[in-house]
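Produce the entire structure from the sequences given, and follow the hints as far as they go.
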Amino acid sequence: MHYFFQRFVFSLLSLFILTLITFLLSQVVPGDPAIVAAGPNAGAEKIELLRSEMGLDKPLTQQFLIYVGKLAQGDLGKSWFTHQPILEDLIRELPPSLELVIIAMVINLVISLPLGLCSARYNDTRFDSLVRLFAMIGAGLPIFWTALILQNVIGGELQLLPIAGRLSFEYRAFEGYTGFFLLDGLILGRLDVFFDALKHLILPAFSLSLLFTAVGLRITRTAMISEFQKDYVLLARTKAASEPRIMFKHVFPNGAPPSLTVFGMQFGWMLGATVLVEEIYGRPGIGRYAVKAVTQSDIHAVVAVVLVVGIVFLLANLVVDLLLYILNPRGRMDK
Amino acid sequence: MKSFLNLTFFVKSPFEKLALGIVFFIILISIFGDFIVPYDPTQIDFRGKLQPPSLEHPLGQDGAGRDVLSRVLSGARLTVLSTFTVIFVVLVIGCTIGIFSAFAGGWIDNILMRIADIWLGFPPLILALGFAAALGASLEAAIWALIFSWWPNYARLSRMITLDILSKPFIAGAEVLGVPLWRKVTFYVLPNAFDVLIIQVALDVSAVMLSISGLSFIGVGAQIPAPEWGSMIADGRAHMSTAWWVVVFPGLAIFFSALSFNVVGDALRRELDPLIRRV
Amino acid sequence: MAQVDEKLISKEEIILDVENYSVGLKKIKKSFVEAVSFSVFKGEIFGVAGESGSGKTLLTLSMFGLHNASHLNTGDVSFDLNKIIQSGVRVVQTKKLALRIGFILQDPFSSLNPSVKIGKQIGEAIYLAQGKKPKSIENRSLVYKLLSEVGIPDPENSYEQYPDQFSGGMRQRIVIAIALSQDPDLLIADEPTTALDASTQRKIIDLIIDRSRQRGLTVILVSHNIALLQATADRIAVMKSGKVLDIFNPKKIKLNELNSYTKVLFEGLKNVKKHSRTEQKQQNVSSLPLIEMKNIQKSFASRLMQRGGNFSLSNINLEIFPGEVVGFLGESGSGKSTLASIITTLSIPNGGSYSYKGQNVFSFKKSEIKQFKSDVQMVFQDPYGSLNPRYNIRTAISEALLIHQPDLSKLSREERIIQLLTDVGLDGSAMEKFPHEFSGGQRQRIAIARAMSVDPEILVCDEPLSSLDVSTQAQILDLFSSLLRRKKIAMIFITHDIKVAQILCDRVYILSNGQIVEQGKTQQVLNSPRHDYTLKLIEAVY
Amino acid sequence: MKICNLLASAFTVLSFSLAIPFTATADVAGTLIIAENETPENLDPANATNSTVNQLLVGVYDALVQFKAGETSVSPQLATDWQVSDDGLQYTFKIRSDVKFHDGSSMTSADVVFTLDRLQAASAAVLNDMGPFKSAEAIDDYTVKMTLEAPFGPFISALSRIYIVSKAQVEPHMSDDNGRGWLAVNAAGSGPYSVSTYKPTEVVTLNAFEGYWGGWDGDHVAEVVFRYIAEPSTQLALLKSGEVHIAPDITVQDKLSLMDADGFRVDIGAAATPLYFQFNTSSDGLVGDASFRKMLAQTFDRKLHLDYVLQGFGTMPDGPLPPDWMGHSTSTELPFNMAAAKELVDQNGWAGSTLKVRYLPAIEEEQAAVEQLQSNLSQLGIKLEAEGMTWPAQAATVQDLDTTSDINMIYNFPSFPDPHAILNTSFNSQNTGYNGGYNWAQYSNSEVDALLNQAASSADQSERATLYAKAQQMIGAEYPVITVSLPGSVVAMSSAVKGYRYSVAHHQTFNYMDISVD
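Residue numbers (this note's numbering), protein chains in the order written: chain V, 1 to 335; chain S, 1 to 279; chain B, 1 to 542; chain X, 1 to 518.
Check each hint, because a few of them may be wrong.
Footprint (simulated), chain V over chain S, 3 or more residues, beta carbon under 8 Å [stated by the list, open to error]: (1) 109-123; (2) 132-141; (3) 186-192; (4) 210-218.
Note that these hints are calculated values from the structure, not bench results.
Cβ coordinates follow ideal geometry from the N, Cα and C atoms, glycine included.
So, in structure tokens, the structure goes:
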């Protein structure tokens, strides 16, 4: 438990530095934020008023304290363009992105773990070479390009899957409790909604996960190979344990944790990479929101996105640590 | 230690040789590309707008009638140059911080590495986006943004290598002899870190390349009329259904370069990485 | 090959018959075990001796399909009258054999699954061998029985514990329990004690011998430790470069009939000339001590160290006089290396005083530090890591000269390097080469030459022999004694090997748990030890 | 602001649309689905100058007067009639008494006054068009008086963008931001449609308002849906698969190909939205020099642009004002002439200089025009750096002279078809970027200002025409802009869409209140 306390303190520290970095980021925006915020047609008085409203006339340290204080109350500021509290925007935009990333993660895990394990077991065989080739190719494909090609070929030409949106048009009035349509579909017993949402997720999730799967596969494979070389595997063989038993009972539980850490990091990276796919697939979400905020120089919104994605990243890592702890009650982590 | 005189010692299979060939080809055209392109890559010709591949224009023409082949070839320079700029600067900054941190030890080391850890917590694309928001959209901004988000990788790696080297008996030997600090850094640490760093560089090239083109794709990187591959794809996507060539070829260019650098990096790692060699 | 069989044995009494067996590694199409033939008799303890890289592990594991990277080439192997390999092709699968053969592997720290309770791991073996369900009471009671059989205290509690809660010796006992759980006919122990301390080593070997005699097991004991094999094995096969050179009964050894390599191996350090400088020392005693330590303390943050062992030093008092050879004896973890690093000022103690030639080391001026750094030199344990891999030998040695004798002309520096290399038994042609082009023994020579280049007053040697092969050990030890004969320098020799201390040292300090438990003249301390720990050390030696 | 390309397409009524609860007259049925590439910033009528906002609001709110789709003159909407005082400073409006807001409350003059007061307090962008408007007051429940500081000819036209909000609904939410936060996501109008779902990054749904004061006659849809789809290729695919009826943002190529396709229709509207390269005339750099601008003015080939980028959909401009407009003065801008430009460059040694242009990459023809200019300038040895931005970001850069780039691309969407809406917005020094207007050339000429002001305050059309013509000539002599094109509004749609008409006063909106879907 001491370990967790440590992790927690570290996360808090990370959070603090995260806010500091994002705050500084908001300071380097060119021009006067007040002018930008005032929008067209604002007079000099209005700008001056805004400047003091935004606290821009105070010293930097004081501004930072005010910023942190507001954050603590969940106030991420207002968007200069939608005039809405950014927190509300994010609460609306986060679930679709998380849904996408979770499905992409599932695809990633479902491919990486078993394939990595098998390819480590049959290291240096033709099967292994094929897996490695797949990993190489995956790691070289630009996410946005794959997304465009898949959308046009599978969605457009072949019409196998929907090309855009989160739900088919007929479900446009669908409202759930959580904003996660898959979950809402299940909660409300609307399986049609569930499957429709899933159908809309397949292409974007696959495009998003390909690069990460390639990396995940490679890392799993390496971890598993080094596990297969440990003497306990040899010992298990001398016990006449069957190969599946060795793979799933001995190697997998020991080889998976190191790659799990990487998957935890990937979760955050994937959330960042949604900027490359959401717009293409016409999905709402934090990535599309971020791109729009950046191109509009809506710096409060950008900073909020950076902060929120950073927090999700930290949480994902904490969850992974917890998972590792549960999976492996003893040893390793205390060291 | 392999001899570096034979620079291609690490490629074994025909596949790897092909990849190395592509890498050389990309570097060559990034140097001489402007002399071999059939057309001026920025010269518009609306009369030839979105013409499909033909003998005069083997890869077709884009929405402004520019020759896609010329743009793809000339884009290599932009991509390679910006990728290597990022890697070089990140290498210098990261290694300086990493090696300093390792030598300093104690709380300085602790703080620096904590910062690096936390920094790594930002998904690089989002961090780069934030940075691009602050700097405005341009290829230079994208390069700075990536440098800004990438350095901790090298700081951590070089610190790790330095600590590893510092734990070797030959450093203790140097210590016993009274070898001065600058000599330890330049003659002991750097040459021995070289292998690992070069592997990391080779593997990072493709990641940086993909990131730069990704940033250009979403519009915060290279600006028109620069023939950057990512922005070419962004430009062409509206015409995707009628003129696939404006999207497919730049994408293939990114794909083949990233793949080749990956394959070469992997081969390098296999041959140079002491951790893997031992196995 | 000298096959020294005492009697002709009928086929039924042979459990393992190997004929013309060759095996290579998958990646490299070259044989690493070449045309090996031997038979193992039922009930005997069959030793396989050889230095690292001789192919002994590859041989034993590959026969039973347990070496991942192995690639069978030729030969026949039969186990208990059944062919398992015929003309280089495996005819009986590993799984079928595994239950009849128990294995004990080299590294107890990795041979147990770290995330499974040890009771469960033994239980799994029982389940796989006898079909008793892992969760059944029957299975559990068998586990308890085995645990107590191999000497694990409190089996019921131990059952619930994880491997990392046990020391190396205990883990090896658990591995033995797993091997015994299948009630095998043949026990293969591959370097079972290499990773363990000397005192534990003896207990484990005794356990293996004891258990197998009791159960009537045949044992193949693979080891590089010749003394151990001599003391335990009924017959020994000696391997070198993938070939079996000799098979003989060590109790009836006739060295002349054996291969010259085998002879070197078995004579070991016996022929190294004993070094003694008693006469010289008489004069030196009167002089001032070179090094004087009083009440030195050193402690580390505990989390740095993993495998138990207290690495802190306390209350260290010692004196080293000019020209004498002093041994620091102790097991790993006793603090000898820490002490060496304090002597060479690589680490700073938390308390106590340390003076060199009567002056406080910690208040040296810059020039004095420089002088000290040329007076005190060190030779390290790992010859592979002790030279900068990016320096060729000339640069490596001349760096030392450049720092401490910058006035030396280029030419005389060159001459000096050649002289130093000749002194350690190499020649000038070595200068242009890089460390990786040399063998371990040669590297250790280069390291010694480099240390000697600045004419030190005292040479600190930290286990300089322990990573070398037995045959090389003798040569390097020879080099040290000839060095001592020629140069009037003091030496601190850190070792865990009593025999080495006997040969080289005038005086010894015995270290245990970071404290000096005993000291005195080498013969006196080793012949009539006063401390239990010293006694334990001596008893552990075969 | 975006370009004038709208399209629509036709197909069968989706069966589910019948399920939507609606109990009004039987001819209000069906769903109209419109694709849109840019998401709206908000729903606030204060931002009705922004076409993405305006396209939602145009049928949700009513104004005192309105331009009906397809018409170029105003008709009464909430106002029944009005009088202008002789000095042109006072306007008295009689307003309807039968108007109900969507919340059921009745409209009175208090709502009109409240609306204008709020806009003034929020310094709303729509007031830009209102000239010297000073204040509004309620005379009685159905009479409003508005006061101007100076006579202003197009005042009545300008009122067409002043959407009347319900005081009862908005006042409780005024807080410290003049109700901007609340109105950003809520509507308080009296128009034929009310907002039922507002998911600004996905979909906005409007439903026919049962109690609409104008009543329902003819064919209308019960539901209007805006789907936000950024990719032109996706819009096209959805149009083809029948998932949207109007897809305005597909490429010109695709529009061309749809002209001959069965089941689709392409409407070409006579738009009057000039696209400009505006040169920063207040710059300390080269573009501040009129002779340099003279050179630049000759480097853009409008004909090529019209023929190949716009595929012929549009008019060749020869000055900032559309040729058929009142007061148009011919050939105030120089024609394309690279040789003349080259001569100027050589004379002055301008080769080797670098300029910067900002533009909206989301608009196909803007990017094409930038590329065209880049290509031509590079032949003269001048490097033109481009920076793609979004509208608000670009607008923010011109609010400071230091951050204004050498050249800015901007579309002028006149709020009503009057020369004032184009010339005053783009060339009056009161409307320079740093004053918050659309004069991004930061062009300031007191004589031009005087001419424009005089024309604005005059009611005599022929006098105004003369004044505007003179202003154009003076502007032309200083080369503050290149008028790139006057594109037509090309809208492709499903042929099931009936009743679509291009609305010149509400460019890039859809008259969904008049449309029915077969």
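Okay, the hints, checked on the actual structure:
| no. | hint | in the structure |
| --- | --- | --- |
| 1 | 109-123 | holds (count 9) |
| 2 | 132-141 | holds (count 6) |
| 3 | 186-192 | violated (count 0) |
| 4 | 210-218 | holds (count 5) |
Violated hint for the displayed structure: number 3, the only one.
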